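Asker: Protein chains in written order, with our numbering: chain A, 32 to 339; chain B, 32 to 339; chain C, 32 to 339; chain D, 32 to 339; chain E, 32 to 339; chain F, 32 to 339.
Here are some chain D residues pointing at chain E (derived, C-beta under 7 Å): (1) ASP194; (2) ILE195; (3) ARG196; (4) LEU302; (5) ASN309.
The calculated lysine-lysine pairs, modelled on DSS-like cross-linking and capped at a C-alpha distance of 30 Å, are: (6) LYS332(E) <-> LYS242(F); (7) LYS159(E) <-> LYS338(C); (8) LYS88(E) <-> LYS169(E).
Rather than coming from a laboratory, the hints here were simulated on the basis of the structure. Note that this is a predicted model, so its numbers are computed, not measured. All C-beta atoms in this analysis are idealised placements derived from N, C-alpha and C, irrespective of residue type, glycine included.
There are 6 protein chains.
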Amino acid sequence: MAFVFSSAFRKQGLFVPFLNAVRGMSSSGGPTPPFTTLSVSRPVDAVTHVEICRPEKRNAMNKAFWLEMVDCFSQIAEDSDCRVVVFSGAGKLFTSGIDLMGMASDILQPDGDDTARISWNVRRTIAKYQETFSVIEKCPKPVIVAVHGACIGGGVDLITACDIRMCTQDAWFQVKEVDIGLAADVGTLQRLPRVIGSRSLVNELAFTARKMYADEAKSCGLVSRVFPDKEAMMAGALEMAGEIASKSPVAVQGTKVNLIYSRDHSVADALDYMSTWNMSMLQTQDLMKSAQAAMEKKSLKEIIFSKL
Amino acid sequence: MAFVFSSAFRKQGLFVPFLNAVRGMSSSGGPTPPFTTLSVSRPVDAVTHVEICRPEKRNAMNKAFWLEMVDCFSQIAEDSDCRVVVFSGAGKLFTSGIDLMGMASDILQPDGDDTARISWNVRRTIAKYQETFSVIEKCPKPVIVAVHGACIGGGVDLITACDIRMCTQDAWFQVKEVDIGLAADVGTLQRLPRVIGSRSLVNELAFTARKMYADEAKSCGLVSRVFPDKEAMMAGALEMAGEIASKSPVAVQGTKVNLIYSRDHSVADALDYMSTWNMSMLQTQDLMKSAQAAMEKKSLKEIIFSKL
Amino acid sequence: MAFVFSSAFRKQGLFVPFLNAVRGMSSSGGPTPPFTTLSVSRPVDAVTHVEICRPEKRNAMNKAFWLEMVDCFSQIAEDSDCRVVVFSGAGKLFTSGIDLMGMASDILQPDGDDTARISWNVRRTIAKYQETFSVIEKCPKPVIVAVHGACIGGGVDLITACDIRMCTQDAWFQVKEVDIGLAADVGTLQRLPRVIGSRSLVNELAFTARKMYADEAKSCGLVSRVFPDKEAMMAGALEMAGEIASKSPVAVQGTKVNLIYSRDHSVADALDYMSTWNMSMLQTQDLMKSAQAAMEKKSLKEIIFSKL
Amino acid sequence: MAFVFSSAFRKQGLFVPFLNAVRGMSSSGGPTPPFTTLSVSRPVDAVTHVEICRPEKRNAMNKAFWLEMVDCFSQIAEDSDCRVVVFSGAGKLFTSGIDLMGMASDILQPDGDDTARISWNVRRTIAKYQETFSVIEKCPKPVIVAVHGACIGGGVDLITACDIRMCTQDAWFQVKEVDIGLAADVGTLQRLPRVIGSRSLVNELAFTARKMYADEAKSCGLVSRVFPDKEAMMAGALEMAGEIASKSPVAVQGTKVNLIYSRDHSVADALDYMSTWNMSMLQTQDLMKSAQAAMEKKSLKEIIFSKL
Amino acid sequence: MAFVFSSAFRKQGLFVPFLNAVRGMSSSGGPTPPFTTLSVSRPVDAVTHVEICRPEKRNAMNKAFWLEMVDCFSQIAEDSDCRVVVFSGAGKLFTSGIDLMGMASDILQPDGDDTARISWNVRRTIAKYQETFSVIEKCPKPVIVAVHGACIGGGVDLITACDIRMCTQDAWFQVKEVDIGLAADVGTLQRLPRVIGSRSLVNELAFTARKMYADEAKSCGLVSRVFPDKEAMMAGALEMAGEIASKSPVAVQGTKVNLIYSRDHSVADALDYMSTWNMSMLQTQDLMKSAQAAMEKKSLKEIIFSKL
Amino acid sequence: MAFVFSSAFRKQGLFVPFLNAVRGMSSSGGPTPPFTTLSVSRPVDAVTHVEICRPEKRNAMNKAFWLEMVDCFSQIAEDSDCRVVVFSGAGKLFTSGIDLMGMASDILQPDGDDTARISWNVRRTIAKYQETFSVIEKCPKPVIVAVHGACIGGGVDLITACDIRMCTQDAWFQVKEVDIGLAADVGTLQRLPRVIGSRSLVNELAFTARKMYADEAKSCGLVSRVFPDKEAMMAGALEMAGEIASKSPVAVQGTKVNLIYSRDHSVADALDYMSTWNMSMLQTQDLMKSAQAAMEKKSLKEIIFSKL
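Could you put together the complete structure from these sequences and hints?
Answerer: Following this line, the structure appears as structure tokens:
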């Protein structure tokens with residue numbers, strides 16, 4: 032199983048000892064330095080596996096997590112050896128959401144001399160947390176998220192920022208925020224309605240905080256695949272990741288950039304952007320290499336594309 | 032069954048004798064003063080039930096209806112004793128849509144000295160009718176609509192402006208407008224495509240005016256729940272309403288405001304608005320009360336939240 | 032079977048010998064002059080049938096096709112005898128997508144003295160190809176697309192620009208572009224996410240280029256009807272087209288214009304546009320004619336609406 | 032001097048005894064019933080003159096003012112006898128801005144059980160005050176504002192919502208809000224940058240709260256005319272108003288609607304809206320009447336246009 | 032004076048006998064075939080001069096004009112020998128605007144069986160006329176417009192779609208439309224407020240239809256240069272055109288595309304588009320050639336840039 | 032002259048030895064560690080002075096500059112001791128723009144295996160450079176820029192991102208980019224048209240690259256103040272900065288945030304954002320303190336506002 036440190040990492044003079052990670056997914060029993068909440072590995076060539084890894088805390092999102100996500104995905108964005116990301120949770124469930132205990136000071140006791148100043152600081156904190164998941168979108172590599180067991184509160188914010196969602200048969204999802212007295216503010220209210228097709232269902236989930244199980248998640252389109260158990264799901268996720276990684280990175284990453292662009296713009300604007308994007312991106316060897324593979328009926332896995 | 036007049040109503044010096052309504056849902060056999068087309072009651076604490084109530088006219092939407100809706104939902108928006116609204120139709124069906132006979136003068140014989148002036152007046156009339164359903168969205172309290180029997184023409188405009196849709200097994204929906212020679216102009220063409228996930232289906236319904244029955248309505252996401260009959264549906268609607276009403280109104284109403292905001296803005300804009308919204312809204316006792324209830328495993332129904 | 036040359040065609044002094052087409056759909060065995068890739072006929076009064084017709088080349092989209100589509104739909108937009116369009120493919124499958132061989136020079140060997148100039152020319156080419164499908168949206172008449180067999184690459188771009196999609200049980204769809212080294216740039220990435228409700232599925236299709244079969248296409252909402260075979264589908268498409276063609280063209284075409292407008296604007300903006308649109312469009316005899324037919328329980332097929 | 036009560040006023044059953052106003056502008060020494068802060072008159076046929084009229088309080092904007100403006104301009108919008116509005120201030124200056132003393136409770140002691148609830152109420156109050164000036168824009172009749180002496184704080188918010196600004200040589204303008212500890216929130220920050228051409232100047236005015244005098248106001252484009260004194264200015268304003276009032280109301284009011292629309296939309300969107308607007312508005316007798324007057328070299332003042 | 036037929040023109044097999052034009056600007060005494068209202072010449076290398084040329088009709092815009100403008104600017108957009116356009120009017124004034132007599136049928140007697148159908152046709156006509164000036168913006172080459180004498184009605188619509196405006200001392204401008212009973216609908220209301228900095232002035236001009244003379248046009252920013260007479264202005268325009276034509280066409284035309292893009296988008300969106308644009312456009316030899324010329328203190332007129 | 036290290040700087044554990052800077056503006060003869068291109072000082076309480084400081088290189092923007100600007104303004108944004116920024120250039124002129132020699136590798140020899148990959152890298156570089164000036168806008172403190180001598184190319188990009196512009200009588204401005212073969216891509220084309228009122232002038236400057244001198248810069252609104260020489264200008268800038276710094280930071284910074292927000296949104300959206308912003312920001316002691324100072328006719332300089 033190949034593993035090469037990204038030159039981008041090295042250029043920045045960062046010390047990123049992913050050594051444990053090299054041994055692959057199954058053996059990574061805990062957080063990997065320098066991250067304390069994320070375990071990062073390369074199970075398959077060109078595929079990065081990121082695992083939220085606080086199993087003893089039900090993968091609750093603590094202060095470190097919010098910061099490490101930004102670092103992790105910024106590095107992945109720059110890592111030309113990575114073409115696809117698989118994201119999952121270690122232990123018995125995907126995530127129990129925000130770690131209220133560990134973050135009480137930020138949320139429940141914000142700083143400031145008067146209400147205006149407290150608000151000012153609260154806003155900056157929220158914006159920072161929002162960025163934690165927006166980095167997933169800004170990273171041009173497709174992110175497949177694989178959910179097992181519970182995916183609660185902040186977990187839903189996280190998965191709606193990913194590109195492809197799959198889950199196990201025992202998975203359930205819960206937009207929990209109203210139950211703890213707040214409107215969800217790090218992405219669910221903004222992204223969930225764009226991710227599934229039934230607005231009545233989105234509203235029901237957000238207002239009642241009820242659980243949604245795997246079958247409903249599949250039929251409403253939140254996930255596009257359901258697997259019998261975590262092992263099967265991870266195999267499925269890695270297989271899909273490997274498949275995507277075998278294709279031209281110019282094609283795949285251009286696709287992600289334009290899919291996200293078009294979500295937030297009119298069709299006319301998005302078409303214009305697309306033509307301006309592809310006016311240079313069509314000038315790639317990958318086009319010829321891919322076309323030739325197609326004509327020769329070769330698998331793209333046999334083709335070597337330059338790094339991007 | 033508790034019922035308290037909204038102080039907001041009283042402060043405004045409005046005389047709102049909802050007396051008949053007090054007796055609750057089942058007993059309200061007809062329109063309630065001062066409304067002639069709407070019956071308003073409080074079947075459950077903090078839940079307002081609004082019923083379109085012209086059963087002898089198949090709940091057709093006449094001139095009075097268009098005006099009364101605005102008054103009714105403006106009052107509900109201000110009524111701090113109401114946290115959730117259930118909307119349904121009296122009699123055998125939800126609504127047969129616009130009352131063509133009763134409104135012919137407005138639509139078929141508009142006023143004006145020349146085409147330009149007639150058009151000017153027609154535009155104002157349409158804008159006024161559009162407002163009739165937009166008030167449902169502007170009201171920050173979740174609105175659950177429960178449909179039985181037929182929901183035709185203007186009825187579809189109405190329900191797409193509600194937050195959660197449910198129906199009985201015998202319900203059917205019809206975007207009727209093309210059949211009477213006009214493009215639907217009070218909301219269906221604008222909201223239906225954002226409410227269900229299949230654009231091909233939206234177009235088919237709008238161009239053919241065919242009926243869609245409960246099962247298809249459920250599978251396409253127009254409704255999120257189907258009940259065997261009206262009684263079961265009303266019980267289900269009230270239960271869901273009660274559930275939502277038990278949660279922090281700061282959380283629930285902030286959720287509605289931001290869900291609607293995010294529908295009409297880019298994700299980046301909507302996240303920015305969200306953080307600006309929550310910078311003050313997180314400074315609520317509800318957060319602590321809710322968090323404590325969660326830790327003590329108490330039901331939120333045991334918690335008393337201040338009015339909003 | 033009625034067939035009348037559009038007066039709009041004649042006024043423009045265009046020589047449009049649709050003679051073969053007159054004989055109707057089943058007999059049209061090949062491309063019709065002056066089009067070499069499209070066969071155009073009028074199988075039913077007020078319904079235009081456009082068929083992509085290069086069966087020996089698996090209906091691959093060659094240079095002529097991209098230009099002829101623009102001409103064809105511009106003419107249809109002006110043809111007041113046409114109220115609905117049915118689009119399908121001749122031969123064994125709908126389309127195999129872009130004709131790479133036939134278009135290699137445009138795409139693989141663009142002109143220009145340096146990278147900037149090549150890019151400039153590539154951008155114009157892409158924009159021109161995008162226009163090929165955007166004309167379908169700009170044409171105010173509903174376009175029903177009927178897919179059998181394969182619908183690959185450019186075929187998906189094409190069908191997402193149509194209004195109603197139906198397919199046969201043996202149909203399959205493939206967003207093929209990443210497999211040939213490019214991000215899809217003539218509409219799929221912009222329109223597919225607005226056409227079906229599951230974003231996870233959209234992304235999966237776009238990143239993996241896997242095939243999607245009829246059942247999944249139906250359950251995700253890409254198509255709204257599935258038929259056992261092509262014959263049944265064409266009959267179904269023509270029946271639906273005839274149904275739509277029987278309704279007021281003012282109502283139907285105003286509906287299309289506003290459905291597309293509302294896709295790209297906020298609800299508030301789209302409502303405003305709608306009222307400005309209908310201030311004149313309600314001043315039509317069609318309203319009275321339709322209302323009267325409704326009251327007399329006549330079929331709209333018995334009513335004669337003026338041309339539009 | 033002609034004066035006719037608007038039939039719109041009468042139809043609504045409102046008792047609007049503008050009797051003092053009839054005597055014209057100069058003699059109106061105080062507020063006119065039923066308004067306590069506004070004096071409304073018709074100095075010239077088809078021209079409504081609205082005067083902020085609390086001279087003993089330097090025309091400070093008190094609670095009544097904020098409400099009365101909405102009523103006043105809503106009535107004007109419906110009043111088909113009015114085609115143009117002139118707005119000015121009674122006494123020694125235009126306005127000293129918000130009446131802090133009279134409004135302290137709203138602003139300094141807002142209601143609510145916790146910060147979230149206080150904020151909720153504050154937001155509603157601000158939105159209501161914003162509406163006070165937005166009604167000026169929503170009223171389709173051109174509003175000419177004539178400023179003399181001081182125009183401070185809320186006064187700048189007000190005038191930026193008007194269509195044409197003129198002032199006396201002794202006038203000065205001050206974006207005062209930062210000096211009392213708040214960001215201007217009823218329109219200045221939103222409209223001033225769209226009203227004058229130098230963003231550096233806008234920022235300087237908003238950050239320093241310095242006074243700007245008539246000459247600078249003219250050279251930067253805030254006002255388009257400067258007059259030696261109030262008498263000359265009022266004569267100039269009424270002359271311009273009379274001029275505008277003599278033209279087709281279909282043309283003039285359509286111009287205002289589209290000028291404001293185009294401010295907030297792209298050029299492409301605004302052109303589309305314009306064509307949809309004029310498709311009916313060109314079907315007016317006014318076009319023929321105006322064209323004929325032009326050919327016969329008659330003044331438009333000799334032409335009688337139907338009311339709008 | 033150099034003159035080379037555009038290869039683009041020839042490639043398209045169009046017969047464009049600009050023979051009269053060859054003799055240059057001053058000698059072109061009338062319309063040039065195949066255009067009947069426009070005279071097109073190449074007075075300076077890489078500069079196209081377009082002249083509206085119906086001096087005996089005060090350059091009024093007749094039916095032919097509206098069509099020819101589209102053809103003319105579409106050809107210029109494709110003509111790689113043209114880098115800059117100068118637009119002016121033949122005879123005593125720039126243009127008296129729309130030729131009401133010649134176009135009465137389109138505007139005053141539109142076709143259609145009922146109001147809706149008439150409106151439908153009117154809308155298409157307006158859209159077509161709007162396109163007449165929008166082509167100026169879509170043409171990526173800078174267009175300098177030189178105005179002498181009167182510029183009335185449609186003339187203002189035209190010049191606001193140009194990039195650089197200059198005029199003679201005796202020029203005046205008039206937004207004439209309200210005087211003939213309509214809201215200006217081919218661009219003035221959409222573009223004028225984005226072209227000059229004083230909104231009060233824009234409104235005054237549009238509501239009163241008063242004349243604005245050269246000095247005010249300069250001080251408000253409508254024109255950026257005023258010349259004593261037409262001869263001096265044409266010399267100035269050609270000099271500026273020659274100056275611009277000497278620079279890299281990749282740089283100049285990319286500048287126009289992005290200036291117009293940024294007018295209609297947020298700064299963030301426009302910056303993103305800019306970087307996507309320049310990612311290929313910086314890969315031009317022009318950069319090196321220009322940099323070298325700068326270092327060697329050569330004039331750009333000595334540099335030969337490839338055609339674009 | 033007071034100078035206090037920002038606690039924000041210290042909290043972050045950054046070593047920021049602004050020692051030379053302490054001695055104030057006039058004595059700072061060169062770049063200050065850890066910045067090599069920027070000199071940062073605190074000449075007046077709560078005012079940060081940032082000076083581009085490569086006088087021997089005519090303040091050309093080299094690689095270090097682009098990075099240091101981001102660090103510098105990010106720190107200023109967090110520095111609660113700073114309320115206003117003054118930006119100027121050391122030595123004989125403001126800046127000669129981009130340091131072509133020092134940056135040739137980035138711009139002229141970008142990395143990548145094919146055109147697509149080179150473009151990908153170029154885009155990231157441009158985006159990074161754009162961020163260099165966007166940080167000025169994201170910093171909520173007003174930035175006054177003081178220009179003397181030349182302001183060329185990148186200098187114009189920089190100053191258009193500042194809030195208030197002033198210059199000396201001998202200053203000149205030049206949008207230089209077309210002269211070196213590229214469209215300006217780090218902000219000028221996006222911001223300049225929003226900063227001055229004459230679009231004709233913007234275009235002329237961008238297409239011709241001609242110099243604009245102080246008087247024209249003042250009359251077109253690019254700068255709002257012109258001073259006889261640099262000494263007078265710096266005194267004026269610091270005086271204005273001190274004035275702004277004396278006001279409530281809640282008011283001033285909220286003003287900046289909303290002015291920039293409103294530039295990129297419709298008036299309606301911007302008003303909504305404003306009310307959502309101020310619902311908490313009005314709950315500040317600054318309001319009471321400022322109001323009291325106003326009533327007691329005290330200068331705000333005597334008031335102590337809490338830090339923000």
